[in-house]
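Undergrad: Kindly generate the complete structure, drawing on both the sequences and the hints.
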Amino acid sequence: VLQMASKALRSCLLRQAATASSSTQQRGMAIPADPLGRFRQLANSTPDGQKPRVLITGSLGQLGRGLATMLRFMYGEGSVVMTDIRKVRTDETDVCNYHYLDILNEGAIDEAIVNGRVNTLIHFSALLSAVGEHNVPLALQVNCQGVQNVLEVAKRHSLKVFIPSTIGAFGPETPRVDTPDITVQRPKTIYGVSKVYAELLGEYYHSRFGVDFRSLRFPGIISATKPGGGTTDYAIKIFYDALKDGHHVCYLRPDTRLPMMYDTDCTASVLFFLAAQSSSLTMRTYNVTGFSFTPEEIAASIRKYLPDFRITYEICPMRQRIADSWPQSLNDGNARADWAWKNDYGLDETTEIMIALIKREMAREKGEAPKAVIA
Numbered sequence: 001v002l003q004m005a006s007k008a009l010r011s012c013l014l015r016q017a018a019t020a021s022s023s024t025q026q027r028g029m030a031i032p033a034d035p036l037g038r039f040r041q042l043a044n045s046t047p048d049g050q051k052p053r054v055l056i057t058g059s060l061g062q063l064g065r066g067l068a069t070m071l072r073f074m075y076g077e078g079s080v081v082m083t084d085i086r087k088v089r090t091d092e093t094d095v096c097n098y099h100y101l102d103i104l105n106e107g108a109i110d111e112a113i114v115n116g117r118v119n120t121l122i123h124f125s126a127l128l129s130a131v132g133e134h135n136v137p138l139a140l141q142v143n144c145q146g147v148q149n150v151l152e153v154a155k156r157h158s159l160k161v162f163i164p165s166t167i168g169a170f171g172p173e174t175p176r177v178d179t180p181d182i183t184v185q186r187p188k189t190i191y192g193v194s195k196v197y198a199e200l201l202g203e204y205y206h207s208r209f210g211v212d213f214r215s216l217r218f219p220g221i222i223s224a225t226k227p228g229g230g231t232t233d234y235a236i237k238i239f240y241d242a243l244k245d246g247h248h249v250c251y252l253r254p255d256t257r258l259p260m261m262y263d264t265d266c267t268a269s270v271l272f273f274l275a276a277q278s279s280s281l282t283m284r285t286y287n288v289t290g291f292s293f294t295p296e297e298i299a300a301s302i303r304k305y306l307p308d309f310r311i312t313y314e315i316c317p318m319r320q321r322i323a324d325s326w327p328q329s330l331n332d333g334n335a336r337a338d339w340a341w342k343n344d345y346g347l348d349e350t351t352e353i354m355i356a357l358i359k360r361e362m363a364r365e366k367g368e369a370p371k372a373v374i375a
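Heads up, the sequence shown is in UniProt numbering, so the first residue is 1 and it goes up one at a time.
Hints are not guaranteed to be accurate.
Think about it this way: if two alpha-carbon atoms lie no more than 25 Å apart in a straight line, the pair counts; the simulated DSS-like pairs of lysine-lysine are [to be verified]: (1) Lys226 with Lys244; (2) Lys51 with Lys359; (3) Lys244 with Lys366; (4) Lys226 with Lys237; (5) Lys244 with Lys359; (6) Lys160 with Lys51.
What the hints contain is simulated information worked out from the structure, not anything from laboratory work.
TA: Structure, rendered in structure tokens:
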């Protein structure tokens, strides 16, 4: 565990920080001794003329905050423009240089890029899987028209553009174990359909117009950001329920295996992928992953720290149907070979950090927060 050297960084990294207990050493857990080391090394190796100036759409969501925080740590306060469509609360101290931006307004994206002197666009705005199924027309607008607008702007301004994809881009005909980068997809949700559209349209803009398009197929992402409508969100809510009530009601079957990744590894995958030389990439869309587990397995991991934790099941047919169409594990060998992707966190490391982080967040809400550290 590394105590943060800077008060400003301590504040900004609140949502990624965790007060790791002495049991880390007692159990021999492989939490990195210097969690910021790989990010610091990447920043120091980036020539001044190649440092990114990044605009993030949907930056108030699960992935945007942590990524913006790390970019500021690596490249300075002025390196990131955060955008979204809601007002920022006064207690959201990790939000800096924030502007309203509707990604359905192509002209507004143009204006934000020009005014912000942006050279890299990270497009996180999207409606997630379960939410999209309840509002298909809006999902098509946001997830498809938004992508087209972003790619058009990237073409005009010669931007590097990152648009995340997902395990939701696969379907029931996909090989479910060790799923490769290139295989049959055929997703059965509007979220998945729109992500395949984004992958293919981005690759078209790369081959037809030379746009430096990049995409990663993420597994479920585990972070302290409260759930936002994804099918894998039980893997976040389970920690809040464990600490608040000692009991979680899971909407997936106990044997439902899905691939996952800890939030800090997700941030690292984006930043190292964007920093990779274009010539080293053998494809434009890669799988990345951390580890796979079932609800029973994550519950067992939680019991190592909270022995009385209970999990019961009330299956949601829609979410179960979605989960059953997704891979159980991903093959990310191409990412590891082409641009040296490597995850630092496994299930038990993630569990310990999440429990400590949420304990800290709950204490902060009561005005009892301890001194922050990062893990």
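Undergrad: Each of the hints needs a verdict: does it hold here or not?
TA: Structure-based check of all given hints:
1. Lys226 with Lys244: holds, 14 Å
2. Lys51 with Lys359: violated, 36 Å
3. Lys244 with Lys366: Between Lys244 and Lys366 the Cα gap is close to 13 Å, so the pair holds against 25 Å.
4. Lys226 with Lys237: holds, 7 Å
5. Lys244 with Lys359: holds, 9 Å
6. Lys160 with Lys51: Holds, because 12 Å separates the two Cα atoms, which is no more than 25 Å.
In the structure shown, a violation is registered for the earlier hint numbered 2 alone.
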